[in-house]
Amino acid sequence: MNEARLQILNGIRRSLQRGELSGDALKAVEARLAEPPRGPAVARAALAQPDKVALFCQWAEANNATVARVAPAEVAAEVSAYLARNNLPAEAVIAPSPQLAGYDWSNQKMLSLRRGRGEGSDHVSITGAFAAIAETGTVVMASGPEHPVTLNLLPDTHIVVLRESDIVGGYEEVWERLRARYGKDRMPRTVNTITGPSRTGDIEQAMELGAHGPRRMHVLVVRE
Amino acid sequence: MESTAHDFKDNVDAALADPNLQDSLSKLKVGFSERRRQAAERLPEFEALRDRARDIKNHALANLDFYLEEFERKVTALGGHVHWAPTAEDARRIIGELCQSMGARTVAKSKSMVAEEIALNEHLEALGIAPIETDLGEYIIQLRHEPPSHIIAPAVHLTKAQVADTFLEHHSKLGFTKRLTERNDLVAEARYVLRQKFLDADVGLTGANFLVAETGSSMLVTNEGNADLSNTLPRMHIVLASIEKVIPTLEDAAVLLRVLARSATGQESSAYTTLNTGPKRPGDLDGPEHYHVVILDNGRSAVLGTEMQDMLRCIRCGACMNHCPVYGAIGGHAYGWVYPGPIGAVLTPQLIGVEEAGNLPNASTFCGRCESVCPVRIPLPSLMRHWREREFERHLTPKAVRQGLALWSFLARRPRLYHRLTGLANRMLALFGRAQGRYQTLPLAGGWTRFRDFPAPPPGGTFHAQWRGRQS
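Just so you know, the sequences run in chain order Y and P. Residue numbers for the first sequence follow the working numbering, beginning at 1 and rising by one. Residue numbers for the second sequence follow the working numbering, beginning at 1 and rising by one.
You can take every hint at face value.
So, partial list: chain P residues that the calculated Cβ filter (under 10 angstroms) puts toward chain Y: (1) 51; (2) 138; (3) 159; (4) 213; (5) 254; (6) 285; (7) 297.
Each pair of labels, with its calculated beta carbon distance range: (8) P/185 with Y/41: 43 to 49 angstroms; (9) P/30 with Y/48: 37 to 43 angstroms; (10) Y/24 with P/30: 49 to 55 angstroms; (11) P/41 with Y/98: 43 to 49 angstroms; (12) P/42 with Y/48: 18 to 24 angstroms; (13) P/41 with Y/73: 38 to 44 angstroms; (14) P/168 with Y/81: 39 to 45 angstroms; (15) P/389 with Y/49: 53 to 59 angstroms; (16) P/172 with Y/62: 36 to 42 angstroms; (17) Y/22 with P/306: 19 to 25 angstroms; (18) P/127 with Y/35: 44 to 50 angstroms.
Quick caveat, the hints were computed from the structure, so don't treat them as lab data. Small disclaimer: the values here were computed from a predicted structure and weren't measured. Note that beta-carbon positions come from the ideal geometry of N, C-alpha and C, so glycine has one too.
Construct the complete structure from the given sequences, taking the supplied hints into account.
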């Protein structure tokens, strides 16, 4: 295996007509890794926070998600109402996160919640979000004990509870938040950035929703 | 996969005579390419982002050894494994052994062009392991035993009716005995059939759009979510990626993501962009226990530092083929190997030899649309011209073409003879009747006029004759 590794690396160096990087060339790439330069700024997401929230909602809806803006006390009622509006059963699997446990679910007597990972038989999941991107209406999920990845993928309907303050402009601000939270060299196992429901353009280039992941995505944007 | 690139001309004849293919291809002009134009117009920074995307890939290629080693260090530190595969055979062997180490019977596969390049499915089948394609387009063509005809829409050559027939044939034994007519019903049926296969698979195999050196992450972009199910549900996740997929940092990924989806399908963003870093962590309720990355060279390192290096910037968006008049007329299968369209015409001679694939870089009008839409600004016509030169240097060009070129160069160096002959040809064409401005048939030009009219020269003689007339 080591031989194969050297064969490839030495092949690259031979083609580039140099040895292993050293001296100033090495310092330059190390510096670039330590302080990653950003690409051209995208003006449409460089907004004040309330406008970022509005832009997120606009793009999420343009990408076939639905959005409801609610107060913290209204989260549980909106979940129940959404399920009723869409003729879905009043049961869901919910991510075992302190953020979600912090909302008052006790007044939704008909709503049955199971905490844990997603199974193939689940119809509805409820998760939080690590962040969201205003530029494209994208929610960002970081995996961990509080957020199993299967909840983002297996159920037909994915309900996302997103705090307004977690909406940022573009990807770059998400990366900064990930580094601050998990450390520069330690990403979560899985970061899913999700823009609307699952879809496919594989039959005659026409987009159809609900390929393998959720058919519906509903985002509750929570005021603070 | 076995190449038929040497039969390119026969492949083209078959493609032009295939009504289903022509029907499917007619949708390309109004599908992906029109949506790409609209997406580019909605983002004022799009051209600046393309410049940066090109620079990022050039920087990564100039320091490829460093970034690959950095990527390996980060993967290993988080409990993953990196395997190095100089050749396609090495990659097949490594992946086969990994699957066998899990006692795997089925592998959930997410669309990977590199897996097509190394003919992985055939190898797994020979080992008694069933590869299950989970991307809808790949699943359809796997059922039909066809290769992909497009790098992001592998079943783009098929009509809805053909998909319906294929599903009826293969799903009726599962109880789906009704022939479907609506796209959403076809999608729903495939979703149902494949869901159980995801849950049963022992290994998930995906490609990667990018490998991020900074974090040791593999990055995958899909619309369906099939790659995410493939890398979440099975106990082992194998990533297969070629060396040029490595990029330095997450900030670089942000730039490339902004041009990738817009160039590919005209979407602002694909539905799923996922970073995977190492195996499942302590306390995680799901995710694979084992995470392996197989890094394939297969001739790419030899392209570095040559006039052909620019081809390694490719991020596999498919824009060049969506905008190519040749691809639009003949589809992907005619190219005869894994990568079709303009990028295929450049990559294929490199990967399987110009002797086999010399026809492909000749199948271009050099109209330049491919280069004008490429998100990383690969000079595709120039690269095709390089291949033509190499083919000519190595005396691989067909005799008739060489003799024709020799005749033309003889005439081009003798202007008076040239003018006399073109003037004669002009008068000859007039004899065949130029009244309609075009010819539906023409002696010795049946290959041209069978599929389109030949434009008639305007009255008044050759350009030179007219020019002289105006000067005097």
